[in-house]
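If you're matching positions, the sequence shown starts at 35 in our numbering and goes up one per residue.
By construction, these hints were calculated from the structure, which means they are not laboratory data. Treat the hints with care, since some could be wrong.
Stated by the list, open to error - Under the rule of at most 25 Å between Cα atoms (straight-line distance), these lysine-lysine pairs were calculated in the BS3-like manner:
hint: 1; residue 1: Lys-122; residue 2: Lys-160
hint: 2; residue 1: Lys-122; residue 2: Lys-61
hint: 3; residue 1: Lys-61; residue 2: Lys-48
hint: 4; residue 1: Lys-87; residue 2: Lys-48
hint: 5; residue 1: Lys-163; residue 2: Lys-122
hint: 6; residue 1: Lys-87; residue 2: Lys-122
hint: 7; residue 1: Lys-122; residue 2: Lys-154
hint: 8; residue 1: Lys-61; residue 2: Lys-87
Stated by the list, open to error - Between beta-carbon pairs, the in silico distance windows are:
hint: 9; residue 1: Pro-208; residue 2: Ser-129; range: 21 to 29 Å
hint: 10; residue 1: Glu-130; residue 2: Ala-101; range: 21 to 29 Å
hint: 11; residue 1: Gly-153; residue 2: Glu-65; range: 35 to 43 Å
hint: 12; residue 1: Pro-208; residue 2: His-53; range: 24 to 32 Å
A quick note: this is a predicted structure, and the numbers were derived from the prediction, not measured. We treat Cβ as the ideally placed atom computed from N, Cα and C, and that holds for glycine.
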Amino acid sequence: KSFGHESKLDDWLKSTGLHDSERLCQKISIEDGWETALEAVLGARLNAILRDKLPVGSLLRQRPPAALVLCQPGEGSKKAVETHSQWKPLISVISETAPGLAVLMQDWLAGVYVLDDAGKAEKARKQLKAGEMLVNRLGDVYMQHSVALYVAQSALHGVLERQKALADLQAQLPQLQNNLSTHNEALN
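With the hints as constraints, model all of the structure from the sequences given.
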């Protein structure tokens with residue numbers, strides 16, 4: 035399950051008992067076409083390790099050799115968040131989350147909106163408040179005074195598409211196995 039790219043981080047995860055923990059990217063589903071946008075906004079948080087309890091004290095004594103995000107699914111309910119009427123919140127393209135992750139996603143994606151038409155970016159950018167951002171399907175992030183053009187920078191890129199493809203294949207597997215058994219019986 036580890037997506038760690040560095041052997042030192044993998045070793046550290048094993049030594050701390052975190053190597054078998056689930057990752058955030060394994061527990062969310064997103065509408066087709068918005069995977070890169072979510073990757074651009076969440077960055078390393080997309081690969082966050084999910085824990086029922088965060089072992090903060092022990093982690094402070096034995097720090098990881100590379101950047102790492104740990105998160106604890108919340109049991110609260112979503113709180114009302116101020117939104118713009120002209121833009122769709124990025125969180126709305128998340129079609130499914132595991133229990134307890136909706137509150138976390140709301141926290142991380144508050145003030146992040148979908149920009150469907152890049153031709154309107156300049157005008158829209160001027161309407162943003164401090165801390166708000168727009169993101170397009172390419173993962174470009176627009177803020178009041180900046181634009182970050184997205185380029186895949188790690189092996190984590192595409193993890194949401196790979197998770198979706200894996201889930202689709204796993205769903206097809208029972209039928210394919212049944213077809214194989216039927217054809218094998220017909221040959222015998």
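Going through the hints against the structure:
Among the hinted pairs, Lys-122 with Lys-160 is consistent with the structure: their alpha-carbon atoms are about 17 Å apart, no more than 25 Å. Only pairs whose Cα atoms come within 25 Å are accepted, and Lys-122 paired with Lys-61 is accepted, the gap being roughly 22 Å. Between the alpha carbons of Lys-61 and Lys-48 the distance comes to roughly 21 Å, so the proposed pair stays at or under 25 Å and holds. Straight-line distance between C-alpha atoms of Lys-87 and Lys-48 comes to about 17 Å, which keeps the hinted pair within the 25 Å bound.
Distance check on the hinted pair: Lys-163 and Lys-122 sit about 15 Å apart at the alpha-carbon level, within 25 Å; holds. A distance of roughly 33 Å separates the Cα atoms of Lys-87 and Lys-122; the hinted pair therefore is violated under the 25 Å criterion. Straight-line distance between C-alpha atoms of Lys-122 and Lys-154 comes to about 14 Å, which keeps the hinted pair within the 25 Å bound. Restraint check: the Cα-Cα separation between Lys-61 and Lys-87 comes to about 17 Å, which is no more than 25 Å; the hinted pair holds.
Distance hint check for Pro-208 and Ser-129: the Cβ-Cβ separation is about 23 Å, which falls inside the suggested range of 21 to 29 Å. Take Glu-130 and Ala-101: their Cβ atoms lie about 27 Å apart, and the range 21 to 29 Å holds. At roughly 21 Å, the beta-carbon separation of Gly-153 and Glu-65 lies outside the given 35 to 43 Å, and the hint is violated. For the hinted restraint 24 to 32 Å between Pro-208 and His-53, the CB-CB distance of approximately 29 Å keeps it satisfied.
The structure fails hints 6 and 11 (numbered hints given earlier, in ascending order).
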